[in-house]
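Make the full structure from the sequences, and use the hints.
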Amino acid sequence: MIVADKKPIEEIIEQIKEHEKILILGCNECVTVCEAGGKKEVGVLASALRMYFLNQGRNVKIDEETLERQCDHEYLEEIRDRMDQYDAVVSLACGVGVQFMAEKYQNTPVYPGVNTCFLGVTEKRGLWTERCQACGQCILASTGGICPVSRCAKRLLNGPCGGSARGSCEINKDIDCAWQLIVDRLKALNRLDDYEKICGLKDWSFDRAGGPRKVVREDVQE
Amino acid sequence: MKPKTPSKLEKILADGHMAVTSECGPPRGSDPEVIVKKANMIKDHVDAINITDNQTSVTRMCSLAACIRLKLMGLEPVLQMVTRDRNRIALQSDILGAASYDIFNVLCLSGDHQSFGDCPTGQNVHDIDSMQLIQTVRHMRDEGKFLGGDDIGRPPQMFVGAAANPFADPFEIRVPRLAKKIAAGVEFIQTQCIYDIDKFELWTKIAGDRGLLDKVYILAGVTPFKSAGMARYMKNRVPGIEVPDEMVKRMADTPKEKQPEEGIKICIETIQRLKEVKGVRGFHVMAIEWEDKVPEIVEKSGLYPRPTVV
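The listed protein sequences derive, respectively, from chains A and B.
Taking the working numbering, the leading residue of the first sequence gets 6, the next gets one more, and so forth.
Taking the working numbering, the leading residue of the second sequence gets 3, the next gets one more, and so forth.
Any given hint could be a false lead.
[Unchecked claim] Simulated crosslink set (DSS-like; lysine-lysine; CA at most 27 Å straight-line):
no.	chain 1	residue 1	chain 2	residue 2
1	A	202	B	147
2	A	202	B	6
3	A	192	B	182
4	A	202	B	237
[To be verified] One-sided and incomplete, this derived list gives chain B residues near chain A with beta-carbon spacing under 10 Å:
no.	residue
5	32
6	74
7	86
8	120
9	123
10	124
11	131
12	170
13	174
14	179
If you're looking for bench data, these hints aren't it; they were derived computationally from the structure.
We put the beta carbon where it would ideally sit given N, CA and C, even for glycine.
This is how it looks when you write it as structure tokens:
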């Protein structure tokens with residue numbers, strides 16, 4: 006899933022302080038799971054903002070809504086008939102949702118309420134970690150199912166570097182060395198010989214390097 | 003092994019001499035005299051001088067410019083290149099720039115992470131890794147072609163090196179990793195600083211059993227301790243360096259004013275022992291900001307005078 010983290014409320018206030026009718030818009034997908042932008046977080050943020058503006062002696066309308074998703078037309082359309090009531094939206098969806106919302110409602114400012122962090126997993130409640138950087142050309146088949154692009158700080162395709170110590174990355178003891186994990190896993194799969202296959206230069210044109218990306222599937226288009 | 007390039011370092015190794023290299027860190031400024039001064043301290047005692055490439059990710063004068071300075075002094079530079087800061091266009095371009103000054107040695111590295119340096123908020127590149135940089139230089143040299151496939155006018159003639167750290171984890175892939183670098187085309191290795199000689203011997207033994215020691219020249223890396231504090235720092239704080247407890251104790255048990263001398267002594271003893279290890283073809287003396295001690299270390303280790311090659 007896409008993992009996001011809450012923005013500091015001061016930053017959100019700075020973004021919206023000129024507005025008077027604001028919709029706080031949550032998303033029921035990834036950001037709900039990572040507890041950054043679901044219905045619960047919408048409620049908490051809305052209450053905090055109401056309190057803030059009240060203390061400022063300002064009468065600001067703060068409404069709450071949480072959509073099933075903010076990355077699909079059909080769900081964003083659900084609020085079309087209410088949008089004229091607001092002069093701003095704070096979207097607690099990931100950066101994708103914020104942008105799709107902004108594209109759809111050209112005349113309403115849409116502000117991000119979270120920082121979109123990475124594609125990752127819930128290791129346990131309150132701990133989410135990165136697993137994928139969407140490089141567009143998956144190499145997991147040759148690395149024992151562990152991704153050096155997202156999990157090695159230097160994204161070494163032929164690691165580990167000389168800084169791997171006792172299973173940790175040189176940049177921080179709390180970060181696993183991806184190549185230690187890869188070696189352990191290849192060993193468990195009885196495929197340690199695969200380690201010696203050199204991974205050649207990667208084609209990064211499928212990554213961010215190639216510019217904004219598209220997946221086109223004519224077979225499923227209507 | 004027959005030399006494939008005009009590199010003096012390669013010739014010395016191919017002739018069967020124990021090679022000696024050292025390194026100079028470029029200044030944090032543009033004064034060329036810093037490099038000239040450091041190089042003059044060591045030039046008669048080493049065969050080639052590495053110039054580090056923004057080591058520990060601290061911004062410095064570029065390695066290439068400092069290598070050119072050495073070349074203009076008639077010395078033999080080893081151009082260190084990290085893949086952290088430049089993509090494949092910039093790396094190939096710098097290799098050609100170095101080749102235009104007849105710089106004949108390159109050391110391919112991935113580089114320390116930028117979080118250790120003076121620009122921790124910067125982006126890193128890592129378009130290719132050190133293994134692939136070895137492949138890139140060999141491709142440019144041997145095929146005379148760019149990565150993109152076009153012909154290079156006057157291809158680079160570089161003796162290709164890389165680092166190896168027998169002390170990093172996981173130990174079991176440290177020899178396979180060396181094998182991989184050899185398969186990628188590496189011709190010489192400069193190792194991480196060696197303090198734990200037993201572990202280094204084990205690494206070379208496994209490499210020897212696989213026949214790797216005949217395929218690559220290994221220069222054993224040594225760094226003298228200036229103080230007991232430095233020994234402790236290297237042991238506890240530098241990832242991938244192992245310092246045996248008794249060595250730290252030996253430094254700590256020495257009176258403070260005698261510690262630099264003791265550090266040099268340990269370094270010389272280490273070289274003497276490493277000379278007997280099969281597969282060691284020379285030494286890389288990294289006297290960090292202590293270049294003036296290199297001549298003493300080289301002389302007292304019996305590595306002076308340096309051989310001349312035609």
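Report task. Compare the structure with the hints numbered earlier in the document and write down the numbers of the violated ones, lowest to highest. Result -> 4, 5, 6, 8, 9 and 10
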